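Trainee: Combine the two chains into a complex, taking the hints into account.
Okay, here's what each chain looks like letter by letter:
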Amino acid sequence: MLETLLTLAAATILGAPPLAGQPGVDFDRDIRPILSDACYKCHGPDAGDRKAGLRLDLREGLFGATRGEAGEMAAVVVPGSPQESELARRVGSDDPDERMPPPEAARQLTEVEVSLLGRWIAEGGTWSGHWAFEPVGPIEAPGVSDAGWCRNEIDRFVLAVLEHEGLRPAAEADRRTFLRRVSLDLTGLAPSGEELAAFLADDGAGAYERAVDRLLASSRFGEHFAAGWLDAARYADSNGFQLDPDRTAWPWRDWVIRAFNENMPYDEFAREQIAGDLLPGAGESQILATMFNRNHPINGEGGRDVEESRNDYVNDRVDTTSTVWLGLTMACAQCHDHKYDPVSQKDYYRFAAYFNSIDEDGSGDQGDEPPLLEMKGPDGGELHVMVMRERTEPRQTHVLVRGAWDAPGEAVGPGTPERLWSLPGAPANRLGLAEWVADPANPLTARVEVNRLWQAEFGAGLVRTPGNFGIQGERPTHPELLDWLAGEFMRRGWDVKAMLRLMVTSATYRQSSACGAALFDRDPENRLLARASRFRLASGVLRDQALGASGLLVERVGGPPVKPYHPAGVWEDVSFGRLSYAQGTGDELYRRSLYTFWRRTAAPANMFDTSMRQKCSVRVIRTNTPLQALILMNDETYAEAAAALAERTLYGSVSSPGASDRESIARVFEAVLGRPARAAELAVLTRRLVELRAYYADHADEASAAACVGERPDPREDRRTEIAALAGVCSVVFNLDEALSRE
Amino acid sequence: MEQLLAMTRRQFLGRGAAGIGSAALASMLGGVTSASAGTSGAATSAPPHYPARAKRVIMLTQAGAPSQLDLLDYKPGLIARRGELLPDSVRMGQRVTTMTAGQAQIVAPSPFRFAQHGRSGAWMSELLPRTAAIADDLCIVRSVHTEQINHAPAMTFFQTGHQIPGRPCIGAWTVYGLGSENRDLPGFIVMVSKDVARTCDQPLYEHLWSAGFLPAEHQGVKLRAGREPVLYLPNPPGVSRSVRRGQLDDLGTLNSMHEEATGDPEIAARVSQYELAFRMQMSVPQLMDLSDEPEETFELYGEAARRPGSYGANCILARRLAERGVRFIQLYHVGWDQHRHLPEQLRIQCEHTDQASAGLVVDLKRRGLLDDTLVVWGGEFGRSPVGQGDIETPDYGRDHHPRCFSVWMAGGGVRSGTTFGETDEYGFNVTRDPVHIHDLHATLLRLLGIDHERFTFLSQGRRFRLTDVAGEVVGGLMS
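Protein chains in written order, with my numbering: chain A, 1 to 743; chain B, 1 to 479.
If we strip away everything but chain B, and leave its shape as in the complex, we get (with noise of 0.2 Å):
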């Protein structure tokens, strides 16, 4: 017990990064805040708060905003009313972007056609027929929605559960409560890519996967294509690995020295921090090798996942990340901002992003990952059944849309083979069991085995939490 109290928070955080995570810390603990021992500190309560579901998180999010209209939403309905005018009575004040304002609301159908697919029948266009062949370990959430109308404060919202920057997202949240399970890596990786086609990209900003006021080290580490995967993992001209580790080696020795000399416990912890950092050297380049894969691989994901940094390498990363038990694996694919060409441009989205999402999914179950890794496939928000522009035309795209979008969830504790939630005639408003963006946090922390309402950080006298003062689990979306 003396010796448990005399090591200290500081100490821990520090051990924390040479193996310790910050969960066992707050366990040890025994899930005393910090409100009298710092000016932040470890959750209220640590986590697991339940047996987890799920160990890992891969969220596919396809920034921009899919069409849930034209992928996973069928409205057959519209069809009959193509030209109308959306009754107010549907619209009920409904903001829309000002690049619609100031045009008539015309509703504007799928151009696709829809079936039914695998034993639960869920309903999905043709523009998916890779994701519609794994439809039964799917759970299909059509009864999203947010407050966000536009793109950088709803993604800011999805990732923090605030639209204004500067919060921690939830993969910071989440490595920050589980820790990490992987020694020679990150536990929160992040990648983007963009098709070639050049749709509408969005930008996507670092605050997106910040840390927020959670300690730094729980923010994402962006993996990029080339040379260079983690900005400044190699070495600088001239330094060879060998050089390097004798360079390591003195640092070690000399730093030894130094923390005999002041007692300062934290020198120690940046040894590690450098160790850790040689071998990121050696393990991200040997991830991020996809040379060791079988054709077959390929075959499953798409030919475009040769193509480093494209949406479908990145999938195949995504595995080899959960294979190696990084916690929350974040990729963004962006090009899903369809104002315009819609029929066209939709299309270019789906042929490069479908084969590379169900691959993911099918490949993850044969490897008997899927069980325990979390995937959730979605946008920031959703687009609007009215046309914008001359729906006579193929010119003719859909604004934005909060109140009702979809999204999928499949593997760790999901309800595969469901379809949840239900939107009105027009695919407009959400009329049977609505998630908002805080239900779904809620939920999904839930999976992961964290109460959402216990997990708080106490940032400058307030305790925070993902969901804010929201959210509700919702149980339809869990098996």
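Chain A extracted, bound-state conformation (with noise of 0.2 Å):
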């Protein structure tokens, strides 16, 4: 009974149709997850565990024959007559022999999804292909009654579902509001009090839309969207394992950020990742583009077979390649056919022989391992940068049963997946592999990508499985939205920032995000809409934040990476002494997080919540931990930031000599919320100053200790104490949770 109440508030949630009473039980909505998730494993598509040769995942398999009740041959589904169909009388018969799945089986069905099996023959047994898999139509926006509320298409797609929901959008945020959300969206950094002053001042209409213009065009936005990439793409400074050399994956780093500086279309952003060596006439950066697929990690580990770890970056490069560009689980084929989606393990390794026929040798005993570009550095040195380039003579690949490196067996030749689409007259290598992947009518590459620009500026996608569009992965909320987007990118020429321009211009995007509890116990996870989702910052953009508030941010785009504050001894614990980490000094204190060097044995330990750079990693992580508590208030990147923030706040060159406590702390709150402190606020805070301000000025050590952390020079002796009450209260402020919080 909870179980079924549970499923029907999950599905009114997720605008799934309620159980009774009302027609269109939909084939790819409703039923094929049930299938997929509960019989595939034994009727699918994987040959080797096929049940009784039955398989429920193709159409002519559904509405085909199956061995019945007495041994006779019984049709699985007869459309419009559950009576007939041997398929809802193996779901709802309760003897053990008979019964599907098998009582055994872990995945077993709910009430509710056994009547909606029976529902949907009952009507008609309609069948369609996977959502994801179609191609990506024409598609108009919905009529909605309020259409005065929409600024654009996107608005009338969500307007139309809580309409239908009997909800209204939430107000608008307010201007300040906006301009932090859009500012860290896009740029990863909350406005100056400058920009948020122009902003302000400036009523002309237009004037949200010259906002959000001027941070596309700031180059803090290719860092911030390169941030993102660079998780996805498995990016760090060294090869990882036992010796953990340091590698020169930075040229790449700013290969990056360029492209999402210069708006490179993302057709183009994909062909020169996958296949820029082999473009004609490709120059120093397609070919530097295409250490995309060399991120990997690589395992130099005493008396390892070379070839075991060759084939296991091959592996990698198709589980990144399927994965970032496709929504694609193809590492579920390298073992067996995939259980779920359209893909033989077949399939799996004619994809890796994209991949297999580069000049590596496996042994990974350097830091940069060939096939290797030669560039010169920014000092005029010679960087040696790992990038894709084809041996003259091509590697054969083999089916490897049950995916063992040394048990080769059919040999194949690179292809894509052959029960998705083809592109006829592709050539048989990378290239053609980058022709397929943005080639319009694949129908995966511009709906994985949109949902992904949907999550850096919503906070999560409309499809929630941004790594999975197959069959197990998530139904998007808005399918008809994700199309409409999706198809937008390709005919604005894969246009990313006009895309984001879209997004963050929409009535949708500029709802406030306080709801109150209703809203928030209707919908915990804000798939409908109806407000704006406030959710924690990422880690490195909360570094980012306070060193920008505190007016300790270096801003330079690219380089090396940098080495600011980290806990002594994390890098010699974890390689036995023989790594040790050197602080940088000066301005590489300060730069932004995504230039901290990133050693994949030992993440910079003040980065939580992130991917670890081992493997491909598109999703979400937000998690709630009392270590990062820890970071926040300890960690002296944070405490010198409070201090610095103190000081530029009592004694910095717009400080007024003589400002009150309340004046001071209402600066800092616009300092790092950009917006004034409340009087119940001022309230709290000015209690603490004063009591903080006695506690230092009876602890001078203490006072001296505070206000002088950090490598920054210390402040005059007189100004300690001060500077370490007011720090203090800085600290509160930047652990607010409006603080930590994009709202």
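Hint data in this document are derived by calculation from the structure and do not stem from the laboratory.
It is possible that part of the hints are untrue.
Unchecked claim - With a straight-line cut-off of 27 Å between C-alpha atoms, the simulated DSS-like cross-links for lysine-lysine are:
id, chain 1, residue 1, chain 2, residue 2
1, B, Lys365, B, Lys55
2, A, Lys563, B, Lys55
3, A, Lys563, A, Lys615
4, A, Lys51, A, Lys41
5, B, Lys365, A, Lys615
6, A, Lys563, A, Lys41
Stated by the list, open to error - Quick look at which bits of chain A chain B covers, simulated, 3 or more residues with Cβ under 8 Å:
id, segment
7, 569–577
8, 722–732
Keep in mind it's a predicted model, so treat the numbers as computed, not measured.
Ideal placement from N, C-alpha and C gives every residue a C-beta, glycine not left out.
Mentor: The following block contains the structure:
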């Protein structure tokens, strides 16, 4: 009973139809997910595990015959007649020998699911393909009652759902909230006081659009979007494993920043990273782009068979390429046919063949393993960057039996999965793969990317499984909107900035996130978009924000990685003293987080909820742990930012001498949150400031320690008590949930 | 019912951090998967599925692969075959690492004396006198096997059930499933030690205690010796505990104002994590401070246990963590990779660990904790009966060997006084009762009351298990 009710509750939130009394069970939306989840394991694409020769993943199988009760052949599904359908009989049977799934199966059907299957058959048993593998078709924005609310097409799709659910959109966020939100979402940095003042003063038409255009044109934009791409592309500055030698990966990172800042069309972005080296007239930049496929860890462990390692790298490229560009979990087909999606094991190795013929030997005893691109470094020195380059004599690829590197089976050549779509005439090499990925007829590429852009701007994708658009992935919360966006993306020449502009200038985006507890209860994950999502910022963004608000941030685009504050002994511990962290000096301590050296065996200790950079990761991770609180209150980075903000507020060039406590605290609020403090907030923190001042006046050494924390120049001795006291308040403000969140 | 429906997974998880474990979450949800409700979700069926025999686990991982042939798997027949070539009929195509691929496969018997111990008559080598003295508390498994022959993938497999990094480790799975019993400490703690003599170290990677796709709060928290036992635990310079208390009070006040304005229940969860951090600032140093341990503790675990960060000190901490209800306590001790100088280096390794490992079991037992604490000792694979290098000199060692190795277990629900599984006369192949790593995992989970086949997590559309698609519970290891 409880189970039924919960499933219904979930179904309503998802926009699926309620159980009874309403027409329209939709095969792709309601039925395939059940079959896939509960039945495909034995009756799906994997020929190896298939029972009774029955497959329910294909139309022919679902409407074909199977062996019935008395051994006679029976129709699996007879449209319109559950009584004659073996499927309905078996899932509804009480006989343990008859029932499907069998009683020992871990996944059982719920009552709701059994009755949905029956209803679908009774309603005529119509069939349709999996939404994500169907072409992106033309789609019209739906009609809505309150057209006046809508600013662009996105809003009509969103509002249509809200009107259907009997909900109203939230009120518009105030201007300050909007500017902080859109600045963080597009550039990863909060607006400066001047930027905020200019926006507030701009009361002309198009002020929001002007602000958005300014942000999209800022070089901070490319840095922020590159940071997300580094997670997906498992970027690191070292190889990982035993010796974890450094590698020269940053020129590729800078390539990514440039690509975003120059608004490289997404199809080109794909082509260059997958096969830049094979493009006609490929220049240094195109070849450099292919380091995308060399960002995987390299295992130089002594005694390891180099061929085993080399196979791992090829597999990693399959996994990363299919996840990042296509939202396909091809890795599941490495040892056997995919359990759910139309990807056979042979497809897997045909895909692997694209990546199997570069001149690498798998040994991994140096940092940068061939093939290498020679480049000029910023100081005129030579750089060697790992890239893709085909061997003159291609390596033969085999299906590997059960995925084992030393068990080669049938020989295969390069190719894309046979039962997905194809691009006739594409060359049988990585360039052909790149063209296939970037082909407008490819139903996945545009959908996957607009979903990721949506995730970046709204906090969660329209598809909540950004790495799996296959049958076991989640359906979009707004399928028509996703398809319209995908179509629009291609119509606009794969213009990333244009799509982002469309998203953040929508009325949907401009809603307030403060909606009251009732809507949080009704739609905790904000699948309906009746408000803006509020969520904790990424750890790298939090650090950048603290550096920005305190005036410590050093903005300089690109260059070799830097080593900011890091707890002593972490690298030494993991490497048993072989590696030691040589902290940088001066500006290097205050660069944006994406420039922090990423050691694969010991990620930067003050980054949390990030990809570990061991393998491709496209999901959003947002957890809440005590370790995060320890970092945000105790890390030297944040302690120094609090002291620097206090010093700047009290004695900086724009400070007003003799400011009252309330004025100082109000300025701290403006600097961190971009809004004035309310009276109640001022009252709490003024009391604290008075107390802290008294405490530090009695504890001069502690005052000095708190004021002088970090490597920036120590403040004058007579100012330290005041700075320490206000720094204590700054630390509170930095740690407010509002400061940690994108509102 | 209405109220329950109104509570959401997100709220549960938020509140979970404040006290309700995920286990409670899953059971309150009545075993519903969140397949329809989210990108990832609770266990298909909430543990415990069986009455738990063990409440917590202490893993004494001996990284680098201890030589079972010199410690626990007695092969007297090798003495007569010393210097012979390993027959192909025994090797059956087994890979070796590239370190010995080019050399002759010469049989090397153990240079150490073995004797039977306890009423159970378990065979153990002279290198493990203290472990031998607790033979009747142990279940020695001589038939563990794996496919991996290199350290990183093998250790990753032992911890996560998969050789490629990225999946959750067994500690994360355990706390995810069973939650924590201590509100002031994380439920999964990791400690690493190395011996002072610097034998063959293999690095240990953070991904070995990662939560993978499980919620990150279930990742292992590493305790380190010294001023900063948990990273960022101490307040920054000039911030006293009283100053911090005041800051947290304000943070709580201001955050609750904001929660009222926004309606977001996540804010209360954040406040509770800040408070837990504050309590950890007290509880962790108290935990780490061994000055309240009586002299007899050090007599039991060994004098070396006085050195912070040593294996012995970590074993004492393991007991203190067990006393505090920490669910999964993971120790790593490195230095067991004896490709060379095995006779000397193995002796050193054992001198550094034998007394503390056995002392921990004795200590747990006398405090009544052994009944519901599961202790597991072992490495990521075994070592070969074939010598690496010239076996006529003391420089020789043994290469990696995945086909059989030995692990011992003690405590919660384990069949004590047993030696389980057999290997052939060369100690090369398992001849009876093989126990794959997946089987070992299935059995450990079973002792914790968890059915490994029903304990799944939905990530990106696929239900993952610690045991992947394999694993059988080994009844013979359980009492």
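Trainee: Name the hints, by number, that the structure is in violation of.
Mentor: Numbers 2, 5, 6 - these are the hints that the structure violates, sorted from lowest upward.
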